[in-house]
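Asks: With the sequences and hints as input, model every part of the structure.
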Amino acid sequence: MLTRRQLLQHSAKLSMLLFGSKVFAADVFDGFIKLEEKRIKVIFIQGQVCAGCSISMMYGNETSFMQFIRHIISLQVHPMLSFESSDDYLEMLENTVKNDDYILVFEGSIPMGIPNACNIGGLPLKDFIKPAVENASIIVASGTCSSHGGIPAAVNNETGAVSLIEYLDMQNIKKPYLRIPGCPVHPDWLMGSISYIAATGKIPKMTELKTPETYYKDTIHNHCSRFQHFSQDLYLSDYAQDKTNCLLKKGCRGPVTYSDCPIRNWNGNTNFCIKSNAPCVGCVHPDWPFDSDMYITAEKVEDISWWEMQEKVKNRDNDKK
Amino acid sequence: MSKNLKIDPLTRIEGHLKISVEEEAGTVKDAKVHGEMYRGFEKILHGRHPFDAARITQRVCSICHEVHGVASVKAIENLYNVDVPFNGLILRDLILGLHVITDHIIHFYNLCLPDYADFNIISEYSGSDRNLLKIKELITRPSNPFLKRKENAKFIREKDLCIRLVRNYFKAIDVRSKAASGLAILGAKTPFCQALLPGGITTDVTLDSLYKYHKVLEETADFVIQDYYEDVQILCEYFPEYFGIGSAYDRFFGYESLSMSGEPLFKEGVLHGSKLYPLDYKKISEKLVSSYYDDDGKPHYGKNNAYSWIKAPRYDGLPMETGPIARLLISHNKTISAETAKYYKGDVLSSTMSRLLARVVECKIILKYLFDLISEYRPGDDNIVTVDPNQKITGSAFATSIAARGDLMHKISTVDGRIDEYNMVMPSTWNFGPSTGSLKGIVEKALIGIKSSDEASIKLQTERVVRSFDPCTACSIH
Chain W
25 MLTRRQLLQH
35 SAKLSMLLFG
45 SKVFAADVFD
55 GFIKLEEKRI
65 KVIFIQGQVC
75 AGCSISMMYG
85 NETSFMQFIR
95 HIISLQVHPM
105 LSFESSDDYL
115 EMLENTVKND
125 DYILVFEGSI
135 PMGIPNACNI
145 GGLPLKDFIK
155 PAVENASIIV
165 ASGTCSSHGG
175 IPAAVNNETG
185 AVSLIEYLDM
195 QNIKKPYLRI
205 PGCPVHPDWL
215 MGSISYIAAT
225 GKIPKMTELK
235 TPETYYKDTI
245 HNHCSRFQHF
255 SQDLYLSDYA
265 QDKTNCLLKK
275 GCRGPVTYSD
285 CPIRNWNGNT
295 NFCIKSNAPC
305 VGCVHPDWPF
315 DSDMYITAEK
325 VEDISWWEMQ
335 EKVKNRDNDK
345 K
Chain X
23 MSKNLKIDPL
33 TRIEGHLKIS
43 VEEEAGTVKD
53 AKVHGEMYRG
63 FEKILHGRHP
73 FDAARITQRV
83 CSICHEVHGV
93 ASVKAIENLY
103 NVDVPFNGLI
113 LRDLILGLHV
123 ITDHIIHFYN
133 LCLPDYADFN
143 IISEYSGSDR
153 NLLKIKELIT
163 RPSNPFLKRK
173 ENAKFIREKD
183 LCIRLVRNYF
193 KAIDVRSKAA
203 SGLAILGAKT
213 PFCQALLPGG
223 ITTDVTLDSL
233 YKYHKVLEET
243 ADFVIQDYYE
253 DVQILCEYFP
263 EYFGIGSAYD
273 RFFGYESLSM
283 SGEPLFKEGV
293 LHGSKLYPLD
303 YKKISEKLVS
313 SYYDDDGKPH
323 YGKNNAYSWI
333 KAPRYDGLPM
343 ETGPIARLLI
353 SHNKTISAET
363 AKYYKGDVLS
373 STMSRLLARV
383 VECKIILKYL
393 FDLISEYRPG
403 DDNIVTVDPN
413 QKITGSAFAT
423 SIAARGDLMH
433 KISTVDGRID
443 EYNMVMPSTW
453 NFGPSTGSLK
463 GIVEKALIGI
473 KSSDEASIKL
483 QTERVVRSFD
493 PCTACSIH
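Protein chains in written order, with my numbering: chain W, 25 to 345; chain X, 23 to 500.
These are computed hints drawn from the structure, not numbers from a lab.
Since no wrong hints were added, every one of them can be taken at face value.
Restricting the straight-line Cα-Cα distance to at most 25 Å, the calculated cross-link-like pairs of lysine-lysine (PhoX-like) are:
#1 X:Lys-193 to X:Lys-234
#2 X:Lys-305 to X:Lys-467
#3 X:Lys-156 to W:Lys-65
#4 X:Lys-158 to W:Lys-65
#5 X:Lys-320 to X:Lys-304
#6 X:Lys-237 to X:Lys-200
#7 X:Lys-65 to W:Lys-150
#8 X:Lys-289 to X:Lys-304
#9 W:Lys-150 to X:Lys-325
#10 X:Lys-156 to W:Lys-62
#11 X:Lys-473 to X:Lys-176
#12 X:Lys-172 to W:Lys-65
#13 X:Lys-176 to X:Lys-364
#14 X:Lys-28 to X:Lys-172
#15 X:Lys-320 to W:Lys-150
#16 W:Lys-65 to X:Lys-170
#17 X:Lys-170 to W:Lys-122
#18 X:Lys-193 to W:Lys-65
#19 W:Lys-199 to W:Lys-234
#20 W:Lys-199 to W:Lys-241
#21 W:Lys-154 to W:Lys-122
#22 X:Lys-28 to W:Lys-154
#23 X:Lys-181 to X:Lys-170
#24 W:Lys-273 to X:Lys-414
#25 W:Lys-62 to X:Lys-158
#26 W:Lys-150 to W:Lys-122
#27 W:Lys-267 to X:Lys-234
#28 W:Lys-226 to W:Lys-241
#29 W:Lys-199 to W:Lys-154
#30 X:Lys-234 to X:Lys-390
#31 W:Lys-62 to X:Lys-170
#32 X:Lys-289 to X:Lys-386
#33 W:Lys-324 to X:Lys-414
#34 W:Lys-150 to X:Lys-28
#35 W:Lys-122 to X:Lys-172
Ranges of calculated distance between the beta carbons of each label pair, as one might list FRET restraints:
#36 X:Val-437 to W:Ile-287: 41 to 49 Å
#37 X:Tyr-251 to W:Phe-251: 42 to 50 Å
#38 W:Asn-196 to X:Gly-48: 46 to 54 Å
#39 X:Asn-174 to W:Thr-231: 49 to 57 Å
#40 X:Ile-396 to W:Ser-261: 25 to 33 Å
Nothing here was measured: the structure is a model prediction, and the numbers come from that model.
Virtual Cβ for every residue (Gly too), placed ideally from N, Cα, C.
Replies: Given below as structure tokens:
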């Protein structure tokens, strides 16, 4: 049970979160007295999706989905979980959206070229999401599609898919937002970031790309357990033999991809791509899935066209001399 | 006077789906399944390196990405003429099998069960089980996703049964999460197994990783046999009428799958009535007449007479049903007949309830296969042969895979080492595809004939029938 003092502090934080100012703390406090307990409301909307970001969230890692919805947030609607369908489901969504005290988590991209390439409740997605976007207190772009466009927005896409962030720009909607990229999103990155907001009433410290620093400030390469092999120029050429060598010459995009996968792992701290001897494909990267080939066989590191650190490696040879 | 009823959006599925049914004098006379989302994966793959398909096609759908991973690498291997080491094939089946089981678990509990059991009954719980008290707190909040308007229709409302089912609804989420770690130990992570590469599995599988996989499999088996199987039986006993609701054409097909320990667990064939015919791949085609595409495949929303983004696969011009029930009718007819006979007298058809039952029966069959398969793994042998991506191959190939919702095919053709065409014929496209002329799609056909004088009941039955096919719109339209 919270003490009165804790409750007041919490109210101040919530006030900050909801209104960007602490002056409403007393109102929030009154609200608490009425409701006894108030968790931040969260709604999920999916656009052009594979559903991977929600599935990933439900798998959990350090964070657990059940703990998340029991103790951290007040989950209002989720298209894959909600028991109601059709008009009753839309009504539940509208009931939350008419107030402005919720976090919107959006997954997937938005087709702007062919708006009807994604329809919900008889509306093209771009119109369907507008009220939910406009009234949200904070917008969380979950996954690479929602953050940067991802696969639906790749070269040759026919639907004119854009990320949620581009959509905000196009519609001239100004809202506090954060990007949580990843294809799919890592459960800890998503639930951890929302938990931070719920606990502090603040948006976490962010990188230039508006991704939370806690998870995205350094490259996979710098966190990598194979960095020593890279330093010694020991590269994998045969997947069956060199099982601990650096995967760079196979196309690993760890050096240009910012996330903490190597120290965090996935699925209950079990494994992750490089640990499993598979090159990082850069699914967190803004350019994912890239124009260039994912898998290559490079003779020299200088042959890797997309690698912005080539110069440093060349210099490293000079340094040795 | 006929009346049009629509369900838009249908929740608890993957992707976006709208259903409309035409009701007249208390009977559904016509039905349409509208696939509501298109992304254009096949077009996005055009011009890319073939290996990229192994990564990109998994992202068609996160809930069943493993099957796209396997189908795509197999197709690429057929194209590059690669012999995969024995261990690589074993590991792939270990991934596929466990995946299918977990997928059936989420389908039954998290997608279907709320249509049959009244979760509100948990509010009457007055015991001291901490887990149940937490669930009660969650479900009785004033606003939450687990609320459902009170239905007049028949729901399971016995307190003890409901509490058991509600507990298992949430337990299923934990079981899947643990099973995901079993998939990750072999496939790198999930969703999206990066260790699936043309040539085999990149993972350096040690015996301790197989121990971990085995432990996960044991825990999954405990849940399947002690909880899932029994819970499906509760539904079968409660709703035997659904063995007679939601049948389609009684025409099925299946590809061969899970064949690493002698006889394939599931055989290839086309089943019509009780007759099994050999499958001729040349007879498979995708029709566009009711789909939002021009004849050249370009997207065209609003095309005349079109109502869905889903294409319509046909076998020899006819719609075919695929899924666990199809696999069992083709390869394990006696088992599924004996299970069905406990609740329903009459021929075993694909029906709403028989599809739910078939999934858990299939889980038990696959579990046995997986336990046997672990000991086939040869420690010390290679899991992968490295395939050179620099080969400039021109040609075409295809491959198939088991998938939770039916059987899956990937086709690839390349020119000078780049993808020219990539085509995925998905189980949910077969089942959820629209009509061609007078031939309704499988799910549409299954909805026709639903009876009730009450609109709400028609809608509820419609949802039950549609969800029994495990709609994956993310797969069906890609």
